[in-house]
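Based on the hints, put chain B in the right spot on chain A.
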Amino acid sequence: MGEVNTKVTLCGIELDNPVIPASGTFGYGYEFAELYDINCLGTFSFKGTTKDPRFGNPTPRIAECTAGMINAVGLQNPGVDKVISEELPRLAQCFRKPVMANVSGFSVEDYAYTCERLDKEKQVGWLEVNVSCPNVHGGGMSFGTSPEAAAEVTAAVKKVTTKPVIIKLSPNVTDIVSIAKACEAAGADGISLINTMLGMRIDLRTRRPVIANTMGGFSGAAIFPVALRMVYQVARAVKIPVVGMGGVSTAEDVIEMMLAGATAVEVGAANLIDPFASQKIVTDLPAVMEKYKINSLNEIIGGVK
Amino acid sequence: MKQGVFEILSNTPLTEGVMRMELGGDTSAITAPGQFVNIKLDGLFLRRPISVCDWDAQKIVILYKVVGKGTEQMRHMKKGEKLDVLTGLGNGYDLTKAGDSPMLLGGGVGVPPLYRLAKDLLAAGKRVSVILGFNTKNEIFYEDEFRALGADVTVTTVDGSYGVKGFVTDAMAEKDYSYFYTCGPEPMLKAIYRAAKTSGQFSFEERMGCGFGACMGCSCKTVTGNKRICKEGPVLTKEDIIWEK
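Chains A and B are the protein sequences, given in the same order. Take 0 as the starting number for the first sequence in numbering that gives the first Met the number 0 and just add one per residue. Take 0 as the starting number for the second sequence in numbering that gives the first Met the number 0 and just add one per residue.
Chain A extracted, bound-state conformation:
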């Protein structure tokens, strides 16, 4: 077998490989750029950005689980003004590819405003609209739990932007397929899924929830089968590309996600345990492709029999 081809095309933009560190696990890139050349990645989705600066939730925000973790960070970020004036210039110094801008909000107008601002930034390749954050009240996930609300955000963002809009969906719903279809009908260029699953832990000594916010988003290897199933369901139901994520930790997981229908794959919690996780996945991909007799990753998208 000759050289394998890891290239994929996501909403019209070619990626050297489908590996994308997920929002909230990779900052604005430069912390990881101190460790390795992050240009080896397909791209990455930067820290969820909102109209105004946010501190997020009280601590503790983190809880250990079997094969996973709960976080309740609550969209801590410096706000879109500072992201544009400070974070993106720093990001540009260590990353030369189009980056995925992750956006969250507390009203339809918030989403539209922040997306419109980031859409004008040269390095932004895609807008990933997070309608699925489980850790904030009166926003985030509440837009991603009904087809109507998700469609409304999608339409509002599409109206004021020119770049591909990918809607990031929550698994904490009864029918994720209907929400994905509503986003597609409202003009979404892609769907990414899954955000974290709502979870909880209790400290036996204090009998209090470990997380100050009581509940948080469960992620990590444990959620991979659930994520894979939802990617499979959504990819079969929509014509737009799907970005799969949820518990992806290895190159094998990437291929499994792609067989289920993902065009590209995000890596989340794995980056937090092993800062080199995404780089390792990129490095491992060609050998794993050869092992499973895959010449080109493009050819296996949705290829589950």
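In short, the hints are calculated from the structure, not lab data. Worth double-checking, as some hints may not be accurate.
[As the list claims (entries may be wrong)] In the SDA-like style, the derived pairs of lysine to any residue whose C-alpha atoms are separated by at most 25 Å in a straight line are:
(1) Lys226(B) with Pro52(A)
(2) Lys226(B) with Ile83(A)
(3) Lys220(B) with Ser84(A)
(4) Lys189(B) with Arg204(A)
(5) Lys68(B) with Met199(A)
This is chain B only, laid out in the frame that chain A set:
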């Protein structure tokens, strides 16, 4: 920060609940006392952040209290076993502020990072006084090690079973100092904050996701803006602290 594989050189109890582990490997990422390492353990998802007690070119010394699954697993590990460790995490203490006669105050398992700090301050020619606070006599560790460095050591116990009866702040009130450095449980840090006659530096704990600044899991508000305990901390200056809880 560096990621490396470290070999356990020794793992021995200091008290019933506190262990001393020596880890052999590349320590070049460690730059200051008060930094920490983050240890991956088989079968557990999150790494375990533990302060560095001392280090040289080939090895790290950590002292850890057995409190949960991770540290319980570590307690049973044997010489020769290997661990995946992130080193050189956090800011560490700033020694340049110490003045002539710095005071170091440690509470329980907050004592370890003060050991290397004392060593470096003494090497810089400072008169170092150390106050080590414990609940009771059989929980005391490292008193002799601090004395062997040449520090002026006072031990306090809450129940009065050894040394000065009371808290570290009771012993603090008796002494003069040019500056202070501390690490320990938050109620102790607060008491020191209120009692201190000078400026100083506090090392904080928080539940962490990554330990290297990526997840924003351990953020806190300070006078100079939001900080991550794992990255811009764990050491904060007295002037920078906002008590929230």
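Right, here's what the structure says about each hint:
no.	hint	verdict
1	Lys226(B) with Pro52(A)	holds, 14 Å
2	Lys226(B) with Ile83(A)	holds, 20 Å
3	Lys220(B) with Ser84(A)	holds, 22 Å
4	Lys189(B) with Arg204(A)	holds, 23 Å
5	Lys68(B) with Met199(A)	holds, 18 Å
Going down the numbered hints, you'll see the structure goes against none, and every one checks out.
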